[in-house]
Every structure is written in C-alpha cells, then in structure tokens.
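K.L.:
Use these hints to put chain E with the ligand onto chain X, whose structure you have.
Chain order of the listed sequences is X and E.
Okay, so the first sequence: first residue is 1 according to our numbering, each after it adds one.
Okay, so the second sequence: first residue is 1 according to our numbering, each after it adds one.
Keep in mind the hints are simulated off the structure, nothing from the lab.
By construction, the Cβ of each residue, glycine as well, lies at the ideal position given by its N, Cα and C atoms.
Take these hints with a grain of salt, some might be off.
Straight line, CA to CA, 30 Å or less: simulated DSS-like cross-link-like pairs of lysine-lysine [unchecked claim]:
1. E/249 to X/128
2. E/226 to E/432
3. X/64 to E/249
4. E/432 to X/129
5. E/471 to X/91
6. E/472 to X/64
7. E/432 to X/24
8. X/91 to E/472
9. X/64 to E/447
10. X/94 to E/447
11. X/129 to E/249
Computed from the model, here is a short list of chain E residues facing chain X with C-beta under 10 Å [to be verified]:
12. 68
13. 85
14. 375
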Amino acid sequence: MKPARELKAGCLLGMRRVMIDAGKCNGCMTCVLACAGAHAANDKSIIGGMMEKTPPRIQVLPVKGRAVPLLCLHCEEPACVDACMTGAMRKDPKSGLVSNEGGEQACVGCWMCIMACPYGAVRQHPDKKVALKCDGCPDREVPACAAACPMDALIWGEVDDFAAGRAMKTALALLEGA
Amino acid sequence: MRFVIIGSGAAGVRAAETLRQIFPSGEARRSGNSFEDSGVQVDGRPEDGQVTVTLVSAEDFPPYSRCLLPAYLAGRCREEDLTIRPRDFFRKLGINLLLGREALAVDPGKKVVKLADGEELPYDRLLIATGAASRFPPIPGIDRPQVFGLRHLADARAIEQACVQMCTRPGAHAGAHAGAQPDSDSRLVAQTRSVVVIGGGFVGVEAAYALIRRWGAQLEVTVVEKEAQILPAQFDAYAAGMLQREMEKEGIRFILGRQVGEIVGQERPDHEAGREVGDRCRVVLTGSGTAGDSGEESLPADLIIVAAGITPNTAWAASAGPAVRRGILIDDYLETSVPGIYAAGDVAEFRTLSPERAGALPTWTPIWPNASAQGRIAAYNMASRRRACRGLIGLQNAVEFREVPAIAMGLVEPPVPAKGESGESAYMVLVKAEPEQRRYKKLVLYKNALVGMVLVGDISQAGVYGALLRKKTDVSRFADTIMNDNFNCGHLRSL
Ligand SMILES: Cc1cc2nc3c(=O)[nH]c(=O)nc-3n(C[C@H](O)[C@H](O)[C@H](O)COP(=O)(O)OP(=O)(O)OC[C@H]3O[C@@H](n4cnc5c(N)ncnc54)[C@H](O)[C@@H]3O)c2cc1C
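Pulled out of the complex, with its shape left as it was, chain E reads as follows:
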C-alpha cells in the first residue's frame, strides 16, 4: 500500500505519523513505537516494507509551524525553532520526506501525482493537505515589490530582511517613539519607516504586534481593517476593543472601518538613494471610518503586509477532478468525490454540515487544531479504519497581547433578529466585564446550549466551555454556577 501525502503542514504531518503508528516500519517498529506494542490489535497489517508513506512539500524546509512565524518576526525564535518534529523523526518512523518538490497535477486514472521536476509518484491512497495561500485582494498596486503576504517561512524571511534594511540603513529614524533605544546600526534621523498591515484579523494583528515589538523604535505600524473592530471573525466588539487598547499601548495604530483602495508609488527623495526594498508608496484609503477616525486619505508605506484572508491551494489538484467549493469538498470520512483521494486541513471543506457541526459552525475550519485532527482522522480512513470526523469548531482561537490572554470560540455575537421577527430571541447572552482587571467573560446560549464564548484575562476553563459547546450540552442545570469565576469541570458531576 502506497500512501502519498501532498503538503507537510499540520494536516500532512499528523496524517503521516498516524499512518506510521498504524503501519510501523523499521526503527520505530523495533523500538516499540507501535500500536502492536501498546496492546492494540491491528488486523490485516501488511508485512514490513509493503507500506510506504511519502510526505511531499513544495517548501524546502523541514515541516514547521506557520503559527510561529509572528514569533520568528518578533525575534523570539530562530528558524530551527519553527520545526514541529525532532530532526530524525521522519527517518525513524519510516516516512519518506520529499522537500522542495511541488506537485503539479494528479492523474487519478494512472494513480500518480506529477511533480514539477517531472517525477511521477504512484499512490494507492492520496491525501491532499496543501493548505492555503495568502489572499491578495484585487487592489491596484497590490503587485508592488513592497507588498508581502505572511504564510510561509519565505514570506517571513522576506519581511524580516526588508525590516532589517529599513531599520539599519542611513536615514532610518532612530526613535519613533519616546524612550526607544536607537538601533546601534542606525544613524541620523531622517524619516520614520512605515509599515501598513492590510487586515486586522488574527494574522494581521499578530504580524503588527511582532514588528512593533522588535522594531518599534524605528517603525511605525498601522493596521487597516475594513470592519469596525479588529479580529472581527473571532472576537466580539468589546473583547476586540480591550485587545486593541493593549496593542495601542505598544504603539500600534489602528484604522477601522476603512479599506485600502489602491497602492500608489511615491517618488523617492534623493537622500534615500541606495534603497533595495523598492520605492516608498502610499496606501490610499476609502470609506469613512469609525468614530474618531483622522480622516486622512492616504498613508505612507515602506512595507505592506497583506493579511486579508486565505485561499485554499486547490488548483494543482484540479486535474483529479474533485468537487470544489471554497476548499476541496470532503465527506465526514475526509474522502473527496474521487475515491481513494482524501483531503484535510485548510485546503478541505466539509460537503455538508453534519448535525454536530450544524448551527453557527461553518463547513470550512482553517485553524491548526482542526488541520491536525483532520489529518489524523484522514489517516485512519486511508488505512481503511473507518472513522467519522465530527465536532470540530471552526471559529476558535487563542491570543495573548501584553500578557493578556484571550480565547474566543463559536458564535460570539447572536445574530440580529430579521426585520419583522418578533417574540423572544432563543439566544441568551451572559456577560461579566471587569475592564480594570483586564478581564471579560461572555457566554452565548441558544436554547440552553452554549454556542459561543469569549474569555479575556482568565482563560483557565476555556476547554471546559469548549467541550460543552461541542457537545451541545443542556447547561440550564448549572445555570447558577456557569458564570462563576471558579466554574470548572467538577461542576458537571452534578448532572
């Protein structure tokens, strides 16, 4: 049995290692890292050597966590700290790791994956785990050299290099804000370097926070978000406001309720000659903004980071003919419409909402924990151990800015009743705000079941609330304790 996995992110790696737990090989088999040795019967396991697991990545770097790229940009971890498995992990487990190899097409008739270098990889079961790419909105000027996405290590390296150049060459502003230490390399003050981040979602905000922490002395960082709040997909307005204020204390500027309409070039002043990043440009804003908006029509930008969402990497697999909506459509067993071809992670989208996912939960759930879980469960199904994938929550995330942790999950704002709709809403919202303590807690209930939550400050019980949410438990029986500070899983005993 030949298992081929394209894409070595969270989904691909988890799938490969799970396949090797089911079908151990080589060293791992001898050292006992297998189901067999933990007392689990695995029937019909092919003999050693009959199973191959091949993991292919277009990126020329061992499997790593893109969630850590902001930490890398902030200078808090090095490249080698980004890897998600020990150095010899893949070799020991008997996983054939092919790096720097891009898949171009699939021939489901011949059952081969065609690689860019012309090689054809035969497979019996194929997993598409190619993740997603930064989405560049169709804005005039978006193709200028100062514009970067943030998805791959290569992006982070390029952004870092651009920042280093901006901050260390003559003319870089030493001390954009009070008390800042001038960089040892920077010389006379001429002009502040400006970074504009397009998109105030998770990636944009993390990127801004990373740059300001590392280069806050030399860089001005502005985030432009089209909604009236940051983190609009995850947090409610109140929590987003709390987190925004923390980041403003670091020096990040936010422009909300406005969009970037165009990126235009700006002539380079003479004294700036020698620049390698390209010319400075201006970001032209549209829309009127939220209350207190400065009303400026454009912003200078030496570097622009686009964090306006992602597009699943489905195109290369189109030749296999799987049904695609936003992502490649999968059933509850993670199989695509083409038998023997599976998909998991950011590239995949569930065909339908199973009852467990119905309600506020979307079919596309592009976050790390879901990609891992899908990769793992896809592996079971590829190994003919049929197993449904249910109960993943699409919208959930954990963040921390200035030591204020926050976690949001599910539906954090009940839908506004439709016009003409009357009667009592089936939604109930419980809120406890302690802004001085930088604490906030909000639970959203729908017919006695928890459907959303926001925790800021104290996140200790996030997982317990999350479990109630996934299970759609009737929480009315502990209505008296659920908002208490010390609510915990022990309270569920009284059920």
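Bound-form chain X, shown alone:
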C-alpha cells in the first residue's frame, strides 16, 4: 500500500514556489504594488498598476501590529478546486499552479473557493464578480512579488527548502489538510 502523499495530484516536490518568511516582512507593501503592476493590462510596472488600478493578488495582513504577507500556496490538493462549481478553478498538471483564469470555464463569483480556502488567500475582485487570487505569475521567470521584495520575506525557491524555512509553519501546520 502506498502512503497517501505519493498520490497527491501535481505533487509540489521539486517545484518552485514563493515562500513566505513572515518574520522578515516590514510591511513596505512593495510586493503588493509589484503584483498589481505585473497584472496590469498594458503598462506592467508599479506605476502601470497604480494608473490602471489593478487589484493586487498578494495581501499583507495586519497581525497584532506586524505585517504578514499572504499569497496562494498552490496546494497539492486544493480545496478551492474541489469547491469550484463551474470548473474554472484548476490546478495545472504541469506547473502545479492553481488558477481560475484562462480556461474554457468561467468564474462566476459564487465564492465557494473563498469558503474553502483555509488560508483566506482567495478574495472577491473589487470591481468584477469573480474570485481573485495569485496566479503564480506563469509568464515570469520569478513571480513579481518575490522579485520585488527588498527584505527577503518572499523567497523564490524549491519547495523542499521552503517547507523547512517558512516562518508561518505553525499556522500552516494547523490549517493543512483542513
């Protein structure tokens, strides 16, 4: 009998992800601006994001006077994918990235993914009736947030190191598989 971990669809092992080292975050919000810029329709810069009022997909959460960055972890078995009633939310079998954009099925903003995500990483789009989440910057070498972070609070690396190093370990352990 094989242990359950090996069965998981699109295993993360060896894949590169943005890891969060919350202790290093000083709340400068550069990641938020960079994310918004990267997702601007035309000018994909911080200024472009501001001009086009693109909503960011990464959040910097206030936690007792400290800042904690939060973005989608692109789970091995994403609860949001199970919950999605239109089939828009998918985990790409190759990249392992979870996204509700770019497929044949459209997101209708039913919020089932928001109900399902144990991290609160999916949000309502401020202007449209669709769910908004990190798409992992599939067209970039390094995701915009990690590339922009001046504090090394967001690090682009292989999942193995990530698991060991992440400062949100307790929270994640608590919520994992929930």
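P.N.:
Just chain E with the ligand, lined up with the frame of chain X:
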C-alpha cells in the same frame, strides 16, 4: 482494470479525472499530464490500455454544473456555459463518456451494470455517483403539469419555456411593479402571472431570485416556507432576515411558517385560451404563519417550482444490494457494503460519524464541494490507494443576493438546552451585527472549539474560520482577536 462510474455530476467527473491522473492514457500520457511527469512514483501501474475509465450519465448533455441552473434561468449564462470541463477534456484524458444512457441495475455476481438500452457494462470497480432527485412532497395536485422541480438542465429548460410562454403571449401583464419595462413581445395588460416556489431553502430562494431578475416585470414570485425563516438549514434567523429583506427589495414575496396543503385547478378564463402551460391553479396554504402573515388561504399560480429537498438516486442500484439509509451507506474509504462498489456525492451517506465528523455534522452532506472531494478520494480507493475521507462539513453554503455575499457553516444556532437541564451551557455565541452596513458575523463555540459560523457582507475569512472548525482547534488562545474585522490566518502564528 475496468473502472465504471455511473453519474457524471461533481462526484463522477472528479472521480474519472482522478483515475486518469493515476492511470494516464493516450494523449494525456504523451503530453505529460500525469503523476509520473510530476515526479510522483506510482507503483504497479498497469500498462497503457489495460485501464479503462467509463463515465455514464442518463442526461444527454456534457457534464455540467447544476449549481449554475439558477444563473441559466436568470439569463446570465447560456447552456454551453454550464459545462464544467473543456470540450475535448474527456477524450483527451481517455475517459469513455456515455451520455444519455441510464443505468437500470447492477449484477454484482457477474460484475456488470445493465443499461436501459440493454447493454451490459462490465466493471472491476464501480462508483455509484448518481446524485439525487428533487423531492416532491405528497401534496394532492403535485402532479399537475404546472409543477416543476429544479435539478436537471431539462427542468431548467422546461421552467424557462413556461416563463417565456407566460410572459410573451397576449394577456401577459406588462409591468407587475413600478418602473418595469414592458417586454417587447407582451401586449395588453390582463393578468399578472404568478409563480409559487414551494420551499425557502437554498434552491428555492435561488430559483425565485433568478426568475424575478429576468422576468420581474411580468411575474410575481412568492416563496412559501414552512419554517419561520428562509434558508433554515443553513443560516440563523438574523442572517436569513437580512437576506430576505434584500430579496424583498427585488420584489420577491415570502410567506413563512406556512405549508402548501394542496394544489387545485382553476377554470381558465376565456380570454386566456391558447395557453400551453396548462390551466392556472391555486396553491392552498395551511398553518397560521409568522407575525404579519396576510392570512390568505390560497394563492394563484401559473407555475409552481418545488424545492422541498432532495432524495438520493439509490433505487436503480438496489439490485446490487448495498446497505442504504437515506443514501447508500459508505465507510470512510467510500466503499459500500458490497466489495468493489463505491459511492460518492449526494447519493452517498457515511455509515458512521468518524470522530472528525462527530458533533453537529451530519452523515449526509449533499453539497458540491463534498461531492467533488468524495469523488476524488473514491478514485484513490478504487485504484487501491487507500485513503480515508474525513473532515467534510455538511452544512455550508455561499450565497449572494443584491451584492450582499453570505456564507454559513456548521451549527449556526446552539441547541436549546433540554428541559430540566441546568448549569452553564457549553456553547458560547459571539455576534457582531451592523445591519446598516449589511454586515453580520456570528461564531458559535462549543467548549472552546468553533462549531458554527455565519458571515454576511464580509466573507473574506470564511475559509480560515472553516479550517478552524474542521480542525476543532482550541480557539481560546486567540479569543481577543477572533471576532476582529481583520482576524486572518496570520493570527494563528501566535499559537
Ligand atoms: C439549483 C441547484 C443549485 C445548487 N447550488 C449549489 C451551491 O451553490 N453550492 C453547493 O455546494 N451545492 C449546490 N447544489 C447542490 C449540488 O449541485 C450537488 O451537491 C452536486 O451536484 C452533487 O453532485 P453529485 O455528483 O453527487 O450528483 P449530481 O450532480 O446530481 O449528478 C448525478 C448524475 O447522475 C445521473 N444519474 C442519476 N441516475 C442515473 C442512472 N440510473 N444512470 C445514469 N445516470 C444517472 C444524473 O442524471 C446526474 O447527471 C445545487 C443544486 C441545485 C439543484
């Protein structure tokens, strides 16, 4: 290994695709959509072609989401938008999709499923994922032609057709409420068309909201609910009241605390000749209703939608002899009492409450996310990758009416202490109501663990609360922040 899945809803589709992730075939295998290519070792995988995955549906339409049927009725999406997978998905993955084929029986000795057209489908592992059907309560007149359920695309098409007929033929009322635009097809005002929805649960309320948004100018829509509030299975009375008021602003009328006792025919006035939907009828009400009830004894109805719950589709599989309570009974590995036959989704019911599900959580959990998760995990077990299915919350739902989103989960109202029971309740309820902002938040705790929640307006942290609820985490350590507007998963670091 022949895998056969009967039913192509959330559970069936998720099971089929998961089986094909474990045992990739054809194109998917070549293009790398497999475990193998993502670095996962899958032992004992049979050679290409040795595994077949067959997905059978009685419905003659590619797998679709019935959750979107209200949006379809509201005219917000077309039929082709209902499908839940890309057009060539099943072919690419090597899933044999048989549409419009009804399964009639299972012969577990011969290991075949008998289809209505006489074909026998052999299987090694079978998944029953036939979902549920609308429940029609035994009310006299419920079989009248104006009465519809809302479960399948065929139901939605029939309701739509009836509405179009009612709203466009001569005599349809143009302008049931002020400011409404007359439909271009409708002519002289004669009579308002009336829709009665029996049942103020999720499906009933969604159906009413859909019809009023599309045909509010020509239709009057009334929801009759036997409990004293709408959405009684999901929301507490306060949140239900907030959502009800939003829907009343759209023009939906609610009659609460009363039941439909009978549906009687009504003679058709002459000028209405030519009607195809059938005669108008009257819905006879029983019970005294909640405060402010108009006290009327019956309501006219041109169209009646029954949304009084669902019945799992278990009968066709009875020949296999699985144990059945409300649904087909399954263990934690989603296997029925018949070895090799599994069940998942609305048709299935857990035999027992595992410790993770104990408490307020029922054994039958008929919602989309649970059907998907069960289908996925059933696939692992069918593929002999043993995996328990735990921690599903039965009662949870997300709704949005007039841009007010709301999510409820678990036990939203602590049980009333039994008579003679004394001492402090082990339950604690935390509430924050801001009705002007259309915001409301309620957490129900049992011995320091979150067992229920209601969020209206701000739903951003619903999943975080949900995780705490599923994990039965002791939340006393962040009692000071848990009700804050900015409570988030970062707070759990301090654990
Ligand atoms: C109007 C509406 C709105 C809803 N909205 C929500 C929502 O917002 N959120 C939520 O969580 N849930 C919602 N639900 C519930 C959700 O749709 C179900 O929980 C989910 O579809 C269950 O999936 P399933 O795979 O178990 O069964 P189903 O989706 O019912 O699929 C079963 C399939 O099996 C087929 N079948 C049945 N018998 C046979 C047979 N003998 N042979 C062959 N095929 C057969 C059926 O035709 C059907 O296609 C809604 C339901 C309805 C009706």
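K.L.:
Hints numbered earlier in the text: which of these fail when held up against the supplied structure?
P.N.:
Those not satisfied are hints 3, 7, 10.
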